[in-house]
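Peer 1: Note that the protein sequences, when read in sequence, are chains A and B. Under the numbering used here, the first sequence has 49 at position 49, and the numbering climbs by one with no breaks. Under the numbering used here, the second sequence has 1145 at position 145, and the numbering climbs by one with no breaks.
Treat the hints as calculated values from the structure; they're not laboratory data. Each hint should be verified, as a subset may be incorrect.
[To be verified] Dumping the calculated DSS-like pairs for lysine-lysine here, alpha-carbon to alpha-carbon at most 27 Å:
#1 A:K412 x A:K389
#2 A:K196 x A:K224
#3 A:K415 x B:K1177
#4 A:K295 x A:K267
#5 A:K224 x A:K237
#6 A:K415 x A:K381
#7 A:K189 x A:K211
#8 A:K171 x B:K1094
#9 B:K1181 x A:K415
#10 B:K1034 x A:K168
#11 B:K1177 x B:K1147
#12 B:K1080 x A:K363
#13 A:K275 x A:K224
#14 A:K389 x A:K415
#15 B:K1191 x B:K1181
#16 A:K381 x A:K361
#17 A:K211 x A:K267
#18 A:K363 x B:K1177
[Said to hold, decoys possible] Partial list, computed: chain A residues near chain B (C-beta under 10 Å):
#19 E127
#20 D142
#21 L146
#22 L161
#23 E170
#24 I362
#25 E364
All of these numbers come straight from a predicted model, not from anything done at the bench. Where is the CB? At the ideal position from N, CA and C, for every residue including glycine.
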Amino acid sequence: MALSAQQIPRWFNSVKLSSFITATQLGKQFQRRGKTLSHGFSAQPQVSSDNCFLPWGFKTYRTSSLWNSSQSTNSSRQEISSAQSALLPSVNEQTQKTQKIPSFDSELSLEALDDLPPLSPLQPVSEEEAIQIIADPPLPPDTFTLRDYVDHSETLQKLVLLGVDLSKIEKHPDAANLLLRLDFEKDIKEILVFLKDLGIEDNQLGTYLTKNYAIFSEDLENLKTRVAYLQSKNFSKAHIAQMVRNAPFLLSFSVERLDNRLGFFQKELELSVKKTRDLIVRLPRLLTGSLEPVKENMKVYRLELGFKHNEIQHMITQVPKMLTANKRKLTEIFDYVHNVMSIPHHLIVRFPQVFNTRLFKIKERHLFLTYLGRAQYDPTKLNYISLDKLVSVPDEIFCEEIAKASVQDFEKFLKTL
Amino acid sequence: MEGSEEKALTLTATSVPSLTNHPLVCGPAFTSLKVGVGHRLDAQASGVLVLGVGHGRSLLTDMYNAHLTKDYTVRGLLGKATDDFCEDGRLVEKSTYDHVTREKLDRILALIQGSHQKALVMYSNLDLQTQEAYDMAVRGLIRPMNKSPMLITGIRCLHFAPPEFLLEVQCMHETQKQLRKLVHEIGLELKTTAVCSQVRRTRDGFFTLDDALLRTQWDIHSIQNAIQATAPRVAVELEKSLRPGLGTPAAPPP
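My request is simple: use the sequences and hints to build the entire structure.
Peer 2: Next up, the structure:
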């Protein structure tokens, strides 16, 4: 009697199933699991190894619950896991078996009802039988992390091997659910092939997908149309790959939206087509980000800081990041550079990198140079120090060449500020 | 499972390759670090700020209870008065300062130090009639070991070039705002007005500017080295301050 009970799990074990986490089955099984839980069904050890017979594991659990006896000792789990190490790597593509499941479920339940007399869970079991019971912790029906499912889902495993950071994706619950329900072969593979065609390398796919996991819900045709649109605007293939890499959400934007954005930049900046293209290639974030800060920054440059339009154009082509910089920081830097350091507009236009540096860096270096008496920013006079050398060089070069002092002196001076 | 046909069942522990503990699945191992701050430093002030990391935060309370003095350099500007005693506040009054000389300033500072000396003795709850208390007072070791208002243990003028002057202040239980108010009051005593342009803490207990880390040194190795370098000193000083001795422990290092 007991032996027949043991034979059944072994038979189930020999059935090898492939990616069993399909959308419908997962939903069904988890729901059923939830119901069984709510009926006060305590978590007793059950007959399921981890990646083999999950879908019907629950079902058998319900029907053959009674003979599912007591102790799921750790020892039993370890012994089982050693035996199952042979099973884990061998995940075969047997889709016909998945269709077989419903029929075999019903057969099983009938057989189970006929063959197995109800065993009480309190019935004593010999040591050997206890060891042979496979007892794995059940999969949680809902959880806040993908860790619980990663060993059971081939999709998730392949994504991790690609380099996708699941810990970041699980923070968005709808994205995580989407990934669990997708089938690697059917949906994900096509999009990955498309991305590779575009020019994104294997090692860059991971970071890309971590940022833009929503690309899996896009239609492949739409993606192709968008790339075709970009090519029609004379962006070269390498440029498109670079843009997609730096702005991962680019391909999730519809063609109309991309068109609007490009039109906006063309009108607002009044640059030639080629220069606008170069600008977008250098900073593709402009296309994916909001347009309000750009409009505000343009107004700030024109009205508050008093730059002429051609000056703004020149600065933007050199340092595109100025368009998306924080307004308060821009005004603070400009205030310090123009009023305290007394640098006129035309010099600032020649070196727009000052807007890209931190204010405290500019302050520290300027105060050090004033202390040494070398703060000369007028190009017509002797000992002239250009703004870009002031802000862009690292500390050691600044100290040695420009300030002609040692790094220790600079640090000591900083401690007196 | 298939291999368990034999009579003698053996249990072996093996580990199966699993992705549950892969860093890309769990996320980073260390996500947060608990940092505590010592004596407060204003947004407009600069200087030494003591931070405690992890288990070192408990030492911060010990340091607070040791009631050590702090050193400040305060830069003042004669001739102006503002509402928040800072240079960029709303201007309230302007005055002349030609009559101010170095001697007058020194006299005012000596007056301030004297009055605070009296307050020191009063707040430390010592009976000055005993011989031990008198000895300690002579050596300058008295200070209050519980809450008290701001007390100045020493103040002197380092540099005087009207309208600017530079003071060095040794005090305890202070806030930077009170120091700025002090500058304002010094201006009033000198029959002119003054604002404070810079407050800088040069020493906090036994941490000096030499121990301080600059912004460029805010990385794990410098922080670790700094902690290891100051750990023995911290232990010695805290032990000294916990030693009982008429309620007033050893003086802080100059």
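Peer 1: Of the hints stated earlier, which fail here?
Peer 2: 6, 8, 17, 20 and 24
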